[in-house]
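Chain residues, written in single-letter form:
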Amino acid sequence: MNRQIVKLFAFVVVLFGILVGFTSYWSVFDAEALKEKDANKRPLLEQQQIPRGRILTADGVLIAKSVAKGRGSAKRYVRRYPEGALFGHPIGYSFVKYGDSEFEQFHNEELVGEGSEFSSIVDELLGERQEGNDIVTNIDSEAQRVALSDLESAGFGAVVAIEPSTGAVKVMASNAPFDPNRVPYEYSKLATNKIETPLLNRATQGLYPPGSTFKVVTAAAGLDSGAITPETAIDAPGSLEVEGTPLENDFGEDFFGATLDTALTNSVNTWFGQLGQQLGNDTLFEYMERFGFNAKPAIDLPEDQVRSSGVYSEEHLLTAKDPVDLARLAIGQERLLATPLQMAQVAAAVANGGKLMKPQIWKRVIDPDGRTIDTMDPSVYSEAISEETAAELTTAMEGVVNEGTGTNAAISGVPVAGKTGTAETPGNLACGGGVDENQAWFIGFAPADDPQIAIAASVECTEQFGNDVAAPIFADVAETILNGE
Amino acid sequence: MTSARNRELLALVPVALLLTAGFAAVFSQENDQLDNLSLIYGAYFLAICLATHIYLRIRLPNADPYLFPLVATLTTFGLVMIYRIDETLARDQANWFVLGLILFALTIQLLRDYEVLERYRYTIAIAGLAVLLAPRLPGIGQQVNGAYLGVKVGPIAFQPAEFTKLAIIVFLASYLREHREVLIVGARRVLGVTLPPLKHFGPLLVVWGASMFMLVFIRDLGSSLMFFAAFLALLYVATGRFSFVVIGMLMFLLGAWFFASTVPHVHERVDIWLHPYEEPENAGYQILQSIFAQADGGLFGKGFGQALITVPGTDNALLPAAQTDTIYALIVNEVGLFGACGVVLVYLLIAARGFKIALLASDGFSKLLAVGLTSVFAIQAFVIIGGVTRVIPLTGVTLPFISYGGSSIVANFVLLALLLLISDRARREAVEPPGRMAAMGAAA
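Taken in order, these protein sequences are the chains called A and B.
Start counting the first sequence at 1; every next residue gets the next number (the numbering used here).
Start counting the second sequence at 1; every next residue gets the next number (the numbering used here).
Honestly, I wouldn't trust all of these hints.
Stated by the list, open to error - Which chain A residues face chain B? A few, computed with CB under 7 Å, are given here:
1) N2
2) L8
3) V12
4) L15
5) L19
6) V28
7) F29
8) A31
9) A39
10) L45
11) F95
12) T375
Unchecked claim - Okay, the calculated beta carbon distance ranges per label pair:
13) B/R59 with A/G70: 27 to 37 Å
14) A/K35 with B/A317: 18 to 28 Å
15) B/Q142 with A/V14: 32 to 42 Å
16) A/D374 with B/Q142: 49 to 59 Å
17) B/N6 with A/V14: 57 to 67 Å
18) B/A21 with A/V14: 28 to 38 Å
19) A/A10 with B/Q109: 34 to 44 Å
20) A/G99 with B/L111: 56 to 66 Å
21) A/G484 with B/N316: 47 to 57 Å
22) B/A317 with A/D374: 33 to 43 Å
23) A/S313 with B/L250: 31 to 41 Å
24) A/F11 with B/L111: 20 to 30 Å
Read the hints as simulated data drawn from the structure, not as lab findings.
Every residue gets a Cβ at the ideal spot worked out from N, C-alpha and C, and that includes glycine.
With the hints as constraints, model all of the structure from the sequences given.
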């Protein structure tokens, strides 16, 4: 019988080996995936026992804090947002039952103070309780307030303000806003509101036709590729047959022998349409990509909560290889869709001498002892255009505000460069399906000679033009930021 | 052979240290300070272990020196985990530990000549099966999660399956010792498959029937699996016919499949095992939470006393049945993969010692009894750890010596006593010259 006993023992060894295998799988190999499961509330419940770090604006306004509830082992921390809806976007929320979103989600590890496995073992041995780090953001509380209140009187839409030289995001406002404090009480109401979509950050996920603001990209591609110079004259008739449909200027106005300054100041569609055709797919798409199109923005927000801008066919992004109507793409039509963040990046790149910086909301991480443990390092996303091109473009964009379509963006005593946009969006269901609905835009930066701030403002569902609704928001927000410094 | 007992004494030292360190960790976690109470607990436990050790020194000087320290390690570990869940549960568990040791001593005292069990094998088997039915009796039976596992008479509650497992093993060891020859010789080859002789196989079919019966009547998938696997292990060792094992397995699977599709409780258990994410808040909650708790443990675990067992601020269980069914998940959570591997290794070492005893034993009954007891113990550990880790469906079997529960502790201490009795005799015979043995036998 002894031979069988030895074999039986070998079998038991195999069985126990299986147990060790499965335990390893759950506890180590599959652990990360399990922690992501919706049914798994454990990570959030555990984090709830850690005082999550505070989130502050650059000027010291408290955006989010954790307050203790209960005592002893029932003690837990709940998130509070003292400013309510003001920073709902882009900060988001963090609650056990509803998970987390936006900035709270992206910076979760810093906020709960999670270190490496090794350092947490050391902490355990030393008996130290985990505590979260504070994060100071780049957000300017006053400018954010101005942006949101302007938007609330203008309509649904978004405003993004970026410091061109660093990529610091100073304003990111989205209307309709939401108060993160209300999430635990009315989550389903917030999540199912299809018209206002308050939980949607329109600044990063609102895909709108950019209209004439996109002419800045077309112009940049033309100048930088050498296709044109500021002196190049193009005959731009009031109407031009493109792909079987006439492309028309406002009021059918003719602009013969127009240069870039004239064309941008008056937003001449047929001028840019011809330029687009001259550039061709490869060049235009290359410059779009340099400005950040066709890619998820490199901002510190969760990847599933930001959207790429570009030419969309259904849910799919077109590339240089796909056939597109170049003339209409050049003036921001075709099937081109862009987020307010993307258009703010276009303005910021021009403002920064052609260098596009990665947009960042966070500024500093401060540990519980008050030491700064990490600081945002401005980094270049791309060298979109040359300094020379940027300077030439700036001059043309100043013309828009001084004497062209964007005069309402002017700030007294400060030179402003910018571009308006008004994309017709008839039948937009979000606007109630009216025929006269527009997407109104303004992108620009100030001061034009020493840019401190680049801004994109976009308003949905308005019957007015970019200069009427978007340009004044630009002026208000830019003035607030410039005065604050 | 006092060196065996000296080794046992030495092996108990780390056990005492583990206990003291464990309690100290839980104390410091709960009270943010070290309390000398943890040292008192450690000393108290060490004193009991020492008393047991001295008893073994006198009664079974030749018995295996590692089994008791290994079991003490598990018990210690279980006590710390249970103490960490609930202080009052740990007090109960400590009392049962003492009760278990008393029965352990009584078994050694009364069954020095354990062959006497052979004489009563049918009585033992029938009593063991009869007591299984008790949970279905009105008034004293208890239903837990759809299975009839418990009996409650006045203040005393117990789980009969824990005791039945001992009775069945004793019966099978004795029956197979007597009939193994005919089972081997009488086997015929039919269509290339070696079949056992029907005449002698009848009583063994009864065991299969009993397992199926448990599945249907008691609805206890775990115990049913445990009994039948132990039976197959014994049958294999006794006859050396692997084909018998295959036939047995097919019969079990066939029966289990049939009843899984007809008995709702069994069907549900299998369903949850295969598709836990279908109802994550209801049926699948326990197994999913058990796996999530393990995912949270990682390599090194979160440390003693750090795991979340209830949703903070409420009494809602985050890890249901943490002190019994899912205690292994709690172990993975708190001491990590390394700690859990340690626990599995202790079970494996106990199994190794058990099979070693079977190898050393000279007579058939001792061999088969040691194999049966060791197998049923190892399989029980496999069934519950496998359930918690989703290797097999999760069932309500206890983790021997670790889970909270008096029946489990007491029954397993009796199991340990039987193993040590067999071991003592086997090792004494191995050391002492047969002549003296014969003389002793004549004197007795």
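field: Unsatisfied constraints (hint numbers, rising)
entry: 7, 11, 12, 13, 17, 23
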